[in-house]
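Let the hints inform the model, and build the full structure from the sequences given.
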Amino acid sequence: MMKRLLLTALSTALIHTAKAQFADSFDSATVMPLQEFMSLVLKHHPVAKQAALIPQEGRARRMMAKGSFDPVAFYFASGKDFSDKQYYRYQDGGVEFFTYPGVKFNATWSTAGGDFLNPESNMPVGGLLALGADIPVLRGLLTDQRRLALEQANLFNRYSVHMQRRVLNDLLFEAISDYWMWSLRYAEYVMRGKFVEVARQRFQLVKSAFLNGDLPAVDTLEAYILVQSREIATEQARALLNDARLKLSNHLWSPEGQPVELSWFAIPQLLNQPVEFPVPFDSILNISFEFTRINPESQLLDYQVRLLEVERNFLRNELLPKFNIKYNFLTEQFGFWAGEEVIIAPNNYKFGVDISVPLFLRRERSALKINELRLTEARLNRDNRQTALFRKMQQEAFLLENQFEQIGLVRSNKDNFYELLRIEQRKFQIGESSLFLVNAREVQAIDAELLYLQLLHRYQTSIASFFRAAGLLYTYQPEL
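Under mature numbering (1 follows the signal peptide of the UniProt record, and there is no 0), residues -20 to -1, 1 to 460 are what the sequence shown spells out, in order.
Careful: at least some of the hints might be erroneous.
Claimed, not checked - Computed Cβ-Cβ distance ranges for the label pairs, DEER-style:
| no. | residue 1 | residue 2 | range |
| --- | --- | --- | --- |
| 1 | Ala113 | Met44 | 54 to 60 Å |
| 2 | Ala113 | Glu352 | 33 to 39 Å |
| 3 | Leu33 | Leu400 | 57 to 63 Å |
| 4 | Glu352 | Thr91 | 48 to 54 Å |
| 5 | Leu33 | Ala57 | 40 to 46 Å |
| 6 | Pro254 | Gln184 | 14 to 20 Å |
Unchecked claim - In the SDA-like style, the derived pairs of lysine to any residue whose C-alpha atoms are separated by at most 20 Å in a straight line are:
| no. | residue 1 | residue 2 |
| --- | --- | --- |
| 7 | Lys84 | Lys349 |
| 8 | Lys349 | Asp124 |
| 9 | Lys46 | Leu185 |
| 10 | Lys23 | Lys227 |
| 11 | Lys227 | Phe54 |
| 12 | Lys65 | Asp95 |
| 13 | Lys60 | Lys23 |
| 14 | Lys407 | Asn134 |
| 15 | Lys46 | Phe78 |
| 16 | Lys227 | Arg438 |
| 17 | Lys29 | Arg39 |
| 18 | Lys372 | Phe271 |
| 19 | Lys306 | Phe54 |
| 20 | Lys330 | Pro116 |
| 21 | Lys330 | Ile115 |
| 22 | Lys227 | Gln208 |
| 23 | Lys302 | Leu108 |
| 24 | Lys46 | Phe136 |
| 25 | Lys306 | Leu185 |
| 26 | Lys349 | Phe303 |
| 27 | Lys349 | Pro338 |
| 28 | Lys46 | Glu131 |
Derived by calculation from the structure, the hints in this document are not laboratory data. All C-beta atoms, glycine included, are put in the ideal place defined by N, C-alpha and C.
Written out as structure tokens, the structure reads:
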């Protein structure tokens, strides 16, 4: 009887020891917190480095579009000699300036000479200076191809930040999900390993009691079968932990761009430990009126609409006739090089008008119609997707609240199973129960513990999913 009491007391102590060691096991080695892991992913992951190129491309596109307004210097020369006669010599050089309002200014210097020069090309011996402008009156007054390209480049540059955020949000969500799976598998493995030790020590106690004649042989067989079952479950948990560790290693890269494998001895953050995200969780619950502004996916839907709106303005302008006025003041004085005054006579000028218009405008009208159809489609898609994204965020918020309530219930349920286990041990102590029933209660307590861990895992993953739905897993905002 004394040995049975000793066996029961030691078994009860082992259960409490295993539970306490499981809770403290993460403190026995260096832990890699989630924040540190996320920082490594953002610094060294190839996808994060690719995402960092998007804003750079936006700035490069804007610079390229601005390049179409750069001044252009030009020079042209031609001549003809035949049978010892100089038919003509032409030289024409200058600078053209393109402005955002669409007016092109120019300054040119021209010379001409020869025995057979066209009368209209006769110039003073020193050449002719022309200062003038090319002014669009109808088509090209409000917008043109240069300004369209610049507006599109500015839009891409402005929204490139949201493109980067979308990529990094998806990357971080995948990485965080794998991290919490690794944490779950580690917790399961540690817990099962501790209960293996409990089963082994109980087997030794049962074996000693059998040798002393206090317990039947069938109890030793039952205790040994339990050891084998626990060892099998632990090996299965070890295999799952290894899979989770290797999958998490996909997100780890060295500063030199080499893949890094996570050490087997690395320890994750506890599942029930709070996580600090860039934006407080409570503040996000009241952002419905700002959702379309902060969510990168929503912003990119706006970007598609804005692109088509800019193109629509250009295509509407293309319906107008081409009507350009060209005017150049002419002078043969070049004293300005020496600081002398240059007088431009109002009656010395060159004037021109360039007018053209397609008679049916079928190409222009069709292009505008296609644009309007695409714009309508983009707006409908934006409204539908933005509503779906907002509903998704609401679903994630409700799921979080629901899972939080479940955690309290499951924790209470788990504690009750441990209480049943202690009661069964007391009954076994006074001879009203058996080792089989004690083991059965222990299995129920283990299952409840596993369910609790899995719910914590789902809760942590849902937090990341909520921040992803809100578009706030990555909130970097560079200056535009």
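**Message:** For a quick check of understanding: which of the numbered hints are violated here, in increasing order?
**Reply:** 1, 6, 7, 9, 11, 13, 14, 22, 23, 25, 26
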